[in-house]
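*Asks:* Here is how the chains run, residue by residue.
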Amino acid sequence: MLIADTFQEARARWLFWGLFALSTFLIGLFLFVLNIDIVAGARATVEIGPTSRTIYDIHKFVTVAYSWVSIALYVWGTLLAVFASAGLVPVLLEPGRIALLLSKPVSRPILLTGRYLGNLSIIALNHVYLIVSIWLILGARTGIWESRFLLAIPISVFMFAVLLCVVVLIGVVFESAALSVMVTVALMLISSLLAQRDWSIRLLTSEWSRQLWLALYWVVPKVYDLSGAMRQIILYDREVDWITPVWTSAAFGLAALGSALYIFQKRDF
Amino acid sequence: MSEFAIQTDRLAKTYTSRFRRNREIRALSELTLRVPCGVKFGLLGANGAGKTTFVKLLVSAVVATSGSALLFGRDAREPEARLPVGYLPENHRFPTYFTGHGMLDFYASLSGLDGAQRKKRIPELLERVGLKDWADVRIKKYSKGMLQRLGLAQALMHRPRLLLLDEPTDGVDPVGRREIRDILNGLTDTGVTVFINSHLLSEVESFCEYVAILKRGQLALEGKISSLVAGRGYRIVASGLSDGLLDDLRANVESIVRTSEDVEVRVGSREEANAAIDMLRSGGALIESLAASNSSLEDLFIQTTRTGIEAA
Numbered sequence: 000m001l002i003a004d005t006f007q008e009a010r011a012r013w014l015f016w017g018l019f020a021l022s023t024f025l026i027g028l029f030l031f032v033l034n035i036d037i038v039a040g041a042r043a044t045v046e047i048g049p050t051s052r053t054i055y056d057i058h059k060f061v062t063v064a065y066s067w068v069s070i071a072l073y074v075w076g077t078l079l080a081v082f083a084s085a086g087l088v089p090v091l092l093e094p095g096r097i098a099l100l101l102s103k104p105v106s107r108p109i110l111l112t113g114r115y116l117g118n119l120s121i122i123a124l125n126h127v128y129l130i131v132s133i134w135l136i137l138g139a140r141t142g143i144w145e146s147r148f149l150l151a152i153p154i155s156v157f158m159f160a161v162l163l164c165v166v167v168l169i170g171v172v173f174e175s176a177a178l179s180v181m182v183t184v185a186l187m188l189i190s191s192l193l194a195q196r197d198w199s200i201r202l203l204t205s206e207w208s209r210q211l212w213l214a215l216y217w218v219v220p221k222v223y224d225l226s227g228a229m230r231q232i233i234l235y236d237r238e239v240d241w242i243t244p245v246w247t248s249a250a251f252g253l254a255a256l257g258s259a260l261y262i263f264q265k266r267d268f
Numbered sequence: 000m001s002e003f004a005i006q007t008d009r010l011a012k013t014y015t016s017r018f019r020r021n022r023e024i025r026a027l028s029e030l031t032l033r034v035p036c037g038v039k040f041g042l043l044g045a046n047g048a049g050k051t052t053f054v055k056l057l058v059s060a061v062v063a064t065s066g067s068a069l070l071f072g073r074d075a076r077e078p079e080a081r082l083p084v085g086y087l088p089e090n091h092r093f094p095t096y097f098t099g100h101g102m103l104d105f106y107a108s109l110s111g112l113d114g115a116q117r118k119k120r121i122p123e124l125l126e127r128v129g130l131k132d133w134a135d136v137r138i139k140k141y142s143k144g145m146l147q148r149l150g151l152a153q154a155l156m157h158r159p160r161l162l163l164l165d166e167p168t169d170g171v172d173p174v175g176r177r178e179i180r181d182i183l184n185g186l187t188d189t190g191v192t193v194f195i196n197s198h199l200l201s202e203v204e205s206f207c208e209y210v211a212i213l214k215r216g217q218l219a220l221e222g223k224i225s226s227l228v229a230g231r232g233y234r235i236v237a238s239g240l241s242d243g244l245l246d247d248l249r250a251n252v253e254s255i256v257r258t259s260e261d262v263e264v265r266v267g268s269r270e271e272a273n274a275a276i277d278m279l280r281s282g283g284a285l286i287e288s289l290a291a292s293n294s295s296l297e298d299l300f301i302q303t304t305r306t307g308i309e310a311a
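As you go down the protein sequences, you meet chains A and B in turn.
Those letters in the first sequence? Residues 0 to 268, by numbering that gives the first Met the number 0.
Those letters in the second sequence? Residues 0 to 311, by numbering that gives the first Met the number 0.
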């Protein structure tokens, strides 16, 4: 019921429709770009050369396109989802609304978790719509159905699930949608910066600053690493270490959500 | 089964602020209160006396600093303890995307009613609160009075045994107030305990059997209204008083009201009444009548909140 209520609220506040409208716009834009013969042009370019290499090169070209599109959707989808979700917790905590909810025979963790899951379901639905649509368009246009592209759905939803924990935590503590967006987007940028370990280790002169950089890198969610792993899998179908970024990100998310639940449990409304 | 719907034992709440120098605000100080099952109980107090904090402690919207609160013998912090409780908060904000029907359906499901029960109960209650024709209208179009009645229907959905109403007629016009009172009166003899938190003394006096008055977070007075307001003073009407006798009386009684023929002397206790009669008779005045005067709840409230903490 709490999940359904979150859906109903998202629809009533136009978040649900706005999200799907923007996704539809993106799908439309993608369709438009493909219709102006980018693919045909690209195929023609690739086909200039020895015939034996043609099929291989076209497949590679489309796979590269798939991998870059998956990254673009990952970033676009996650940012959009964070913006769309930021207000759903603060609005729940409005005086006069939360007191009534708390008076019902439902525990506080269930109330907040219901909100979290409702929010996550909306975004998951949107990601499925967006990514499957793009996959169908790409497949129909190129004739190459790269199912690995669909990995973008679980990876994007997973990363959003982690970032939503931060949105919920900030929402519970400060009851501010704007601050939730600021902190979460900042976290995404910081984690991407921290992921540049190779050059940062070279640039940093002291040992303690290198250790601090690494410690911070391991703490924050691996937004960049996971997108990199996704690209590697789609592009090369090769074994990559996706477990480490997943479990460290999941640990961060669980800690954030656990903190949110703990604070929510102790707060006065 | 507990004989009390509400039972608090040294219940206290202190709000703390991290950012202010004067960090602690004591909203409720070791409040011990018993509300028997099936009664209509009013909680009074000036603004900031701790009334809303007390009700929020009962529904676990606020976490107690110390002490305990039981609802029908169960710890109020347990979600199951709130199963028999219907609550209408002060300044409620129902989600405006709901229709009247949808709003009742949502809160009733949280109260544990299954689909079949909700389907039967929602039309019944909408009819009872006079909102049958508004069932499918979004509640952002409702007036304040309609929202209040809908809130009351929400609180009654799961046939609660305890109804906690925080300022139920706040912002409602006199007609709306009467309608709410009629709905509440309809609950009489159903065994429902009604706990009203209000600053409208007349409302509490006309509806409730029991009252408690809070003052600065402490229980200042508690009891049956009829007992508390009865015998709070005496009125002696006398004639033939000399000016000297009037001056002597003024020093010893609460008030003296002169009419064209008589003088009405008001005293606060039986002892004072007897002393005044002795003075009048020894001064040569004639006693025309003597009557016990009942004070209103308003008198009692003002007296209690102006003076120190009296007794429980």
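Do not take every clue at face value.
Ranges of calculated distance between the beta carbons of each label pair, as one might list FRET restraints [claimed, not checked]: (1) A/G138 to B/S16: 54 to 62 Å; (2) A/G138 to B/K139: 18 to 26 Å; (3) A/M0 to B/H198: 30 to 38 Å; (4) A/S120 to B/R158: 48 to 56 Å; (5) B/F18 to A/S208: 29 to 37 Å; (6) A/S120 to B/R305: 52 to 60 Å; (7) B/T13 to A/F173: 53 to 61 Å; (8) B/S268 to A/F173: 54 to 62 Å; (9) B/G111 to A/A250: 32 to 40 Å; (10) A/W13 to B/R177: 26 to 34 Å.
Far from chain B, by Cβ distances over 10 Å, these chain A residues were calculated [to be verified]: (11) L1; (12) Q7; (13) L28; (14) D56; (15) G95; (16) I97; (17) L100; (18) S102; (19) W207; (20) Y223; (21) D267; (22) F268.
Short derived list, chain B residues pointing at chain A, Cβ under 7 Å [what the hints assert, rightly or not]: (23) A60; (24) R81; (25) Y86; (26) Y96; (27) L112; (28) G114; (29) S241; (30) V252; (31) V256; (32) I301.
Calculated from the structure, these hints are not laboratory results.
Ideal Cβ placement from N, Cα and C applies to all residues, glycine included.
*Asks:* B/F18 and A/S208, beta-carbon distance inside 29 to 37 Å?
*Replies:* 33 Å, holds
*Asks:* Taking the least C-beta to C-beta distance, is B/V252 closer than 7 Å to chain A?
*Replies:* The hint is violated - B/V252 has no Cβ within 7 Å of chain A, the shortest such distance being about 48 Å.
*Asks:* Going by Cβ atoms, does A/Y223 stay more than 10 Å from chain B at every point?
*Replies:* At roughly 35 Å from the nearest Cβ of chain B, A/Y223 sits farther out than 10 Å, so the non-interface label holds.
*Asks:* Do the Cβ positions of A/S120 and B/R305 conform to the proposed distance bound of 52 to 60 Å?
*Replies:* At roughly 57 Å between Cβ atoms, B/R305 and A/S120 fall inside 52 to 60 Å, so the hint holds.
*Asks:* Can B/A60 be said to touch chain A, with a Cβ gap under 7 Å?
*Replies:* Hint on B/A60: holds, closest Cβ of chain A at ~4 Å, below 7 Å.
*Asks:* For B/S268 and A/F173, compare the CB-CB distance with the range 54 to 62 Å and indicate the outcome.
*Replies:* Because 57 Å falls inside the window, the suggested range holds.
*Asks:* Since A/F268 was said not to touch the interface, does its Cβ keep a gap of more than 10 Å from each Cβ of chain B?
*Replies:* 5 Å, violated
*Asks:* Given B/L112 was flagged as interface, is its beta-carbon under 7 Å from a beta-carbon of chain A?
*Replies:* 11 Å, violated
*Asks:* Was the hint right that B/Y96 lines chain A, CB cutoff 7 Å?
*Replies:* Because about 3 Å separates B/Y96 from the closest Cβ in chain A, which is inside the 7 Å limit, the hint holds.
*Asks:* If I take the minimum Cβ distance from A/W207 to any residue of chain B, is it greater than 10 Å?
*Replies:* 31 Å, holds
*Asks:* Quick one: are A/G138 and B/K139 within 18 to 26 Å, going by C-beta?
*Replies:* Given a distance of about 45 Å, which is not inside 18 to 26 Å, the answer is violated.
*Asks:* Are B/G111 and A/A250 spaced within 32 to 40 Å by their CB atoms?
*Replies:* The hinted range 32 to 40 Å holds for B/G111 and A/A250, with Cβ atoms some 36 Å apart.
The structure does not agree with the numbered hints 2, 4, 7, 10, 11, 12, 15, 16, 17, 18, 21, 22, 27, 28, 29, 30, 31 and 32 stated previously, though it agrees with the rest.
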